[in-house]
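S.K.: Sequence:
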Amino acid sequence: MAGCFRVVEHVVPCQHIREYPHATATSQEEPLSLAVKQYIPVDNPNPQPGDVTIIGAHANGFPKELYEPLWEEIYACSKQAGFRIRGIWIADVAHQGQSGVLNESSLGNDPSWYDHPRDLLNLINQKRIEMPRPVFGIGHSMGGNNLIALSILHPRLLTSLILLDPVMNKVEVLDNEYSKPTNVKIPVATLASTYRRDLWPSRRDAEKALEGSKFYQNWDPRVLRRFFKYGLRELPTAIYPLDENSIKKPIGERPVTLTTTRHQEVFSFFRAAYGSTSEDDQTLNRLTHPDLDPNIYKSTFPFYRHEVARTFELLPFVRPSVLYIFAEHSEVSGPGLNREKIDRTGVAVGGSGGAAEGKVKGIVMKNVGHLIAMEAVSQAAELCAGQIDAEMHRWRREEDLLMSEWKNKLLTDKMTIDQEWVRRVDLLSVRNIGKKRNTGTKL
1 MAGCFRVVEH VVPCQHIREY PHATATSQEE PLSLAVKQYI PVDNPNPQPG DVTIIGAHAN
61 GFPKELYEPL WEEIYACSKQ AGFRIRGIWI ADVAHQGQSG VLNESSLGND PSWYDHPRDL
121 LNLINQKRIE MPRPVFGIGH SMGGNNLIAL SILHPRLLTS LILLDPVMNK VEVLDNEYSK
181 PTNVKIPVAT LASTYRRDLW PSRRDAEKAL EGSKFYQNWD PRVLRRFFKY GLRELPTAIY
241 PLDENSIKKP IGERPVTLTT TRHQEVFSFF RAAYGSTSED DQTLNRLTHP DLDPNIYKST
301 FPFYRHEVAR TFELLPFVRP SVLYIFAEHS EVSGPGLNRE KIDRTGVAVG GSGGAAEGKV
361 KGIVMKNVGH LIAMEAVSQA AELCAGQIDA EMHRWRREED LLMSEWKNKL LTDKMTIDQE
421 WVRRVDLLSV RNIGKKRNTG TKL
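Heads up: the sequence shown begins at 1 in UniProt numbering, then just goes up one per residue.
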């Protein structure tokens, strides 16, 4: 399957102004950049209308390249399903992966999950010629949350969402698990990342150590190889300059660290709630923590992640169809919460109509944990391709319906009041019996 894509790299500006003031190191106007990869099937150099555009979104701490095996498998499945891929786009969030390297001297300590949806919208606007509809979103973990937020920003942009164990929790879950003084605990992933090793004498030493880690034991070998290639970075970096001994070593034999620093990874798991009160220590500091609910987080637990609960609250307003791919052994979402996500999604005015109208589905992958895209690549790809195929049939029907009458109208008819409008206005005016009809101009 290697070589099925032509890969084009892009560097594009991020959205102006970040969610939190200290997301950047100096000026709040400091420009940040996104490192983006575009995967173009080599057998589709001249895409046709109706070919599929995919926007990918990665999990916290995982370089965008780790999803390349998933793209390759979806491409293979597309041949059997009968849809054609125009291109697949994925960007490292601004403070991680290659984006983090580009922005290294500009990053602060306070990234928001909601920065990336805005950055993706900016990317799509800049590359719009290469991203015609239909546009599908495939997001994993934090990336699933990112894509839901993008669909809220622009409800009709995405045709369908495929969410691999997305991280969204209702407020009660956060309260019960994290906020009660009698039950203060921190998720294992956050704890592990805070203290994880992030420096090795050489790339070879790093690979050997990581291969022996239980965390990576169930990974698809293709994904693990890409983590070794893209998840590790040779010194010097802003955090780790080269010492006198290492600087004498040739490039390729120098010490390595994580491409996404453990600091930026941890900042994405949780945001500091300490320091959230004003000078009187009684009221919330809305300059720095406007999204911290003081009624929920009145505890000794010093962290929060507003976007996790906020996105859950916004699920009823999701317009695209959604396929949830849950994990049987997920560490972030159990059966009850999975059911609530399905039941809530798209049901509000402005939403898709939800599961009742066939727009929202959920599938539980057996014998897999939260890292679906790392551990069960082929199975996940089959589910993704099945959703794309089904939604393409729906999309084509809806396109035909929208265009059936519209395409035959004259241009002037498309931009002027029609006779049906006039007829209905006349009917309303007839009801105003006894009132003098105003036939004058608006002004």
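Since the hints were made in silico from the structure, they are not lab data. No experiment lies behind these values; they were computed from the predicted model shown. A few of these clues could be false.
[To be verified] Derived lysine-lysine pairs resembling BS3-like cross-links, with alpha carbons at most 30 Å apart: (1) K414 with K79; (2) K208 with K170; (3) K361 with K170; (4) K214 with K248; (5) K414 with K127; (6) K170 with K366; (7) K214 with K229; (8) K79 with K409; (9) K249 with K229; (10) K214 with K414; (11) K229 with K208; (12) K79 with K229; (13) K127 with K229; (14) K366 with K409; (15) K229 with K248; (16) K127 with K366.
[Said to hold, decoys possible] DEER-style ranges, computed between Cβ atoms: (17) L401 with P132: 31 to 41 Å; (18) A209 with E130: 34 to 44 Å; (19) G358 with E253: 55 to 65 Å; (20) A209 with D400: 49 to 59 Å; (21) G3 with K414: 38 to 48 Å; (22) Q126 with G358: 30 to 40 Å; (23) N218 with N125: 37 to 47 Å.
C-beta: ideal position from N, C-alpha, C; glycine also.
S.K.: Against this structure, judge whether each hint is valid.
M.R.: So, going through the hints one by one against the coordinates:
1. K414 with K79: Roughly 39 Å between the alpha carbons, so the hint for K414 and K79 is violated.
2. K208 with K170: Roughly 40 Å between the alpha carbons, so the hint for K208 and K170 is violated.
3. K361 with K170: 19 Å, holds
4. K214 with K248: Violated - the C-alpha atoms of K248 and K214 are around 34 Å apart, more than 30 Å.
5. K414 with K127: Holds: K414 and K127 sit about 28 Å apart, inside 30 Å.
6. K170 with K366: Answer holds: K170 to K366 is near 24 Å, not above 30 Å.
7. K214 with K229: Given pair K214, K229 holds - Cα atoms ~19 Å apart, limit 30 Å.
8. K79 with K409: Judged against 30 Å, a Cα distance of about 37 Å means the pair is violated.
9. K249 with K229: 20 Å, holds
10. K214 with K414: 62 Å, violated
11. K229 with K208: Holds, at roughly 13 Å.
12. K79 with K229: 29 Å, holds
13. K127 with K229: Within the cut-off at roughly 27 Å; holds.
14. K366 with K409: At roughly 52 Å apart (the allowed maximum being 30 Å), K409 and K366 break the hint.
15. K229 with K248: Holds: K229 and K248 sit about 23 Å apart, inside 30 Å.
16. K127 with K366: Outside the cut-off at roughly 38 Å; violated.
17. L401 with P132: 31 to 41 Å: Violated: the Cβ-Cβ distance is about 19 Å, outside 31 to 41 Å.
18. A209 with E130: 34 to 44 Å: 40 Å, holds
19. G358 with E253: 55 to 65 Å: About 57 Å separates the Cβ atoms of G358 and E253, which means 55 to 65 Å holds.
20. A209 with D400: 49 to 59 Å: Once the Cβ atoms are compared, 56 Å apart, the range 49 to 59 Å for D400 and A209 holds.
21. G3 with K414: 38 to 48 Å: 46 Å, holds
22. Q126 with G358: 30 to 40 Å: With a Cβ separation near 34 Å, Q126 and G358 satisfy 30 to 40 Å, so the hint holds.
23. N218 with N125: 37 to 47 Å: 38 Å, holds
The earlier numbered hints that this structure contradicts are 1, 2, 4, 8, 10, 14, 16 and 17.
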